[in-house]
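*Asks:* Residue-level listing of the chains:
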Amino acid sequence: MRAHHCDLKKLQKFKQIVFLSLTFPFLYVSIPYAHVAYDFSSLMVDVIPKRITDESTIENEYRWTGDYVSWMSVSSEAVPATDETASDRFTESQAEEYFGFEEEFEEEFKERPESKVFDPLHGYNRFMTKVNDKFYFWLLKPTASGYRKVAPQSVRLSINRFFNNLLFPVRFVNNVLQLKFKGAGVELARFGVNTTLGVVGFGDPATKWFDLNAYPEDFGQTLGYYGIGGGFHLVLPILGPSNLRDTVGLVADFYLDPICYIGTCYADDWEPAIGIQAYKGFNYTSLHIGEYESLKKDAIDLYPFLRDAYEQSRKREIAE
Amino acid sequence: MKYVFYSIVCLVLFFRPVMAGDTADVEKMLKEKIDAVIVVLQNKKLDQKNRNERIIDIVNSVIDFQLMARLSLGEKYWPGLSEEEKKEFTDLFIRRLQDSYVEKLELYSDETVVYDAPQTAKNRIHMQTHLISKGNRVSMLYKLYKSKTEWKVYDIEIQGVSMVQTFRSQFDGFLETGTFAELLEKLISPDQFSVDSVEQSKNIKK
Numbered sequence: 001m002r003a004h005h006c007d008l009k010k011l012q013k014f015k016q017i018v019f020l021s022l023t024f025p026f027l028y029v030s031i032p033y034a035h036v037a038y039d040f041s042s043l044m045v046d047v048i049p050k051r052i053t054d055e056s057t058i059e060n061e062y063r064w065t066g067d068y069v070s071w072m073s074v075s076s077e078a079v080p081a082t083d084e085t086a087s088d089r090f091t092e093s094q095a096e097e098y099f100g101f102e103e104e105f106e107e108e109f110k111e112r113p114e115s116k117v118f119d120p121l122h123g124y125n126r127f128m129t130k131v132n133d134k135f136y137f138w139l140l141k142p143t144a145s146g147y148r149k150v151a152p153q154s155v156r157l158s159i160n161r162f163f164n165n166l167l168f169p170v171r172f173v174n175n176v177l178q179l180k181f182k183g184a185g186v187e188l189a190r191f192g193v194n195t196t197l198g199v200v201g202f203g204d205p206a207t208k209w210f211d212l213n214a215y216p217e218d219f220g221q222t223l224g225y226y227g228i229g230g231g232f233h234l235v236l237p238i239l240g241p242s243n244l245r246d247t248v249g250l251v252a253d254f255y256l257d258p259i260c261y262i263g264t265c266y267a268d269d270w271e272p273a274i275g276i277q278a279y280k281g282f283n284y285t286s287l288h289i290g291e292y293e294s295l296k297k298d299a300i301d302l303y304p305f306l307r308d309a310y311e312q313s314r315k316r317e318i319a320e
Numbered sequence: 001m002k003y004v005f006y007s008i009v010c011l012v013l014f015f016r017p018v019m020a021g022d023t024a025d026v027e028k029m030l031k032e033k034i035d036a037v038i039v040v041l042q043n044k045k046l047d048q049k050n051r052n053e054r055i056i057d058i059v060n061s062v063i064d065f066q067l068m069a070r071l072s073l074g075e076k077y078w079p080g081l082s083e084e085e086k087k088e089f090t091d092l093f094i095r096r097l098q099d100s101y102v103e104k105l106e107l108y109s110d111e112t113v114v115y116d117a118p119q120t121a122k123n124r125i126h127m128q129t130h131l132i133s134k135g136n137r138v139s140m141l142y143k144l145y146k147s148k149t150e151w152k153v154y155d156i157e158i159q160g161v162s163m164v165q166t167f168r169s170q171f172d173g174f175l176e177t178g179t180f181a182e183l184l185e186k187l188i189s190p191d192q193f194s195v196d197s198v199e200q201s202k203n204i205k206k
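As you go down the protein sequences, you meet chains X and U in turn. My numbering puts the first residue of the first sequence at 1, with every later residue one more than the last. My numbering puts the first residue of the second sequence at 1, with every later residue one more than the last.
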């Protein structure tokens with residue numbers, strides 16, 4: 001009785017081992033083929049419906065899948081002939097499928113009428129793009145390169161961070177105006193941390209230690225958020241591509257920038273504020289030499305290229 | 001019975017990634033490639049030509065440059081071209097695209113690359129990456145489609161500016177007045193502004 005029981009157990013164990021040794025290799029072998037089977041089945045799904053729409057194919061289909069007798073009655077020459085047409089059709093349908101697939105991309109990239117940039121000032125804009133280009137290559141780049149040689153990068157980065165920290169009111173107010181309270185909260189925290197621990201913003205411990213990234217928003221984006229379109233494209237002297245809405249935004253942001261109050265621009269004393277802004281831009285440029293050049297290389301015609309790139313990136317910033 | 005159950009569990013475990021794991025696959029694949037690219041970029045021993053070649057070797061299997069070239073011209077112009085024209089255009093334009101891509105990576109990825117989890121958009125997968133350099137954060141979005149066998153990139157957006165879209169509207173504008181031969185001419189002659197400024201900035205930064 002005991003022995004019998006033991007045998008039964010052994011048998012069970014044996015069965016289990018056999019089962020496992022059979023299933024596991026199967027699993028491992030089948031995994032790589034699963035892709036093949038999947039791809040193949042999806043291929044077939046594409047091919048089959050197209051065959052059926054073709055009249056002659058229905059005939060073939062019938063001949064193959066229909067009753068045995070009718071298939072048998074087809075003469076021996078007819079069989080290779082059907083094979084040939086089938087393969088022809090296969091490439092055809094592949095091409096068709098391919099075309100359909102391109103269509104989808106066309107849909108994605110086709111220029112929508114509303115995305116056409118309204119550009120009544122293109123004559124002036126083109127001219128100003130050239131002026132800015134020359135300004136950059138003849139004046140800004142050489143001087144900024146010189147400045148870069150004199151001032152260490154760490155210093156210029158700190159100055160850049162300091163000015164960025166000063167822009168806190170712009171980002172905060174525009175986050176609030178767009179009801180982005182998370183962004184506003186993060187900005188507030190960033191300002192608190194960077195002004196204290198970061199020594200009036202020269203450092204950026206908020207990003208480094210607390211992983212708080214800036215939420216840049218400006219007034220142009222706020223206007224866009226409430227559905228105001230860009231208006232006509234406008235290339236500003238020195239500042240570069242913009243449009244009507246964003247130019248209005250720039251003016252508003254200029255007044256929110258504390259630099260404006262250092263320079264007492266509210267009392268019509270513009271020079272100090274503009275001077276500081278110019279230095280800020282200059283310092284920024286020294287950190288970004290090479291970017292405009294690289295961008296420019298993608299251009300076949302510089303002005304429309306910069307215009308479209310600007311409008312595209314603004315659209316995305318507003319949508320975010 | 002127990003083992004039947006276990007084997008079903010095994011089946012489920014093994015087969016689930018094949019069906020639902022496309023985004024995970026894409027994420028892994030892109031991460032691998034881009035990390036490899038960054039390693040090459042930071043290898044200062046290589047000269048620029050060698051470096052670019054290596055980078056292109058790495059990304060060639062994930063980025064469908066051929067398709068990007070075709071899409072940049074679009075259905076308005078592409079089908080009307082002869083085979084030679086198509087080939088010439090593709091060759092020239094792909095080189096340009098590749099140079100542009102590598103240069104952007106080089107410019108903006110001084111420090112690291114941060115990856116967001118990929119998002120599915122209809123039958124596409126979008127993967128956002130952030131190139132981090134000192135005091136700067138530039139977003140680079142890879143858009144992938146499923147080709148016959150694998151996921152491939154068909155467009156890259158840098159700070160929200162789509163490469164394909166930008167080239168397309170430029171080609172559109174150019175071909176309204178210019179001829180195709182002139183466009184090829186434009187693609188052959190590299191711009192008068194060489195990479196020297198970028199190189200210079202690199203040397204000083206390091």
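None of these hints come from the bench; they were simulated from the model. Heads up, the beta-carbon is just placed ideally off N, CA and C, and yes, glycines get one too. Don't take each hint at face value.
Stated by the list, open to error - If you want the footprint, here are the derived chain U segments under chain X, 3+ residues with CB under 8 Å:
#: 1; region: 35-48
#: 2; region: 70-82
#: 3; region: 127-141
#: 4; region: 167-179
Unchecked claim - Partner residues aside, some chain U positions facing chain X, computed with beta carbon under 10 Å:
#: 5; residue: ARG54
#: 6; residue: ILE56
#: 7; residue: ASP57
#: 8; residue: ASN60
#: 9; residue: GLN159
As the list claims (entries may be wrong) - Far from chain X by the CB rule (all over 12 Å, computed), these chain U residues:
#: 10; residue: GLU27
#: 11; residue: LYS28
#: 12; residue: GLU32
#: 13; residue: GLU88
#: 14; residue: THR120
#: 15; residue: LEU187
*Asks:* Determine for every hint whether it applies to the structure shown.
*Replies:* Do the hints match the structure? See the list:
1. 35-48: violated (count 0)
2. 70-82: n = 4 at 8 Å, threshold three: holds.
3. 127-141: holds (count 4)
4. 167-179: n = 8 at 8 Å, threshold three: holds.
5. ARG54: violated (20 Å)
6. ILE56: Violated: closest Cβ of chain X sits about 17 Å from ILE56 of chain U, beyond 10 Å.
7. ASP57: violated (22 Å)
8. ASN60: violated (20 Å)
9. GLN159: For GLN159 of chain U, the interface hint holds, since the closest Cβ of chain X sits about 5 Å away, which is under 10 Å.
10. GLU27: Non-interface label stands for GLU27 of chain U: nearest chain X Cβ at 18 Å, farther than 12 Å.
11. LYS28: holds (15 Å)
12. GLU32: holds (19 Å)
13. GLU88: Per Cβ check, GLU88 of chain U is outside 12 Å of chain X; nearest 16 Å; holds.
14. THR120: holds (15 Å)
15. LEU187: violated (8 Å)
Checked against the numbered hints given earlier, the structure breaks hints 1, 5, 6, 7, 8, 15 and satisfies all the rest.
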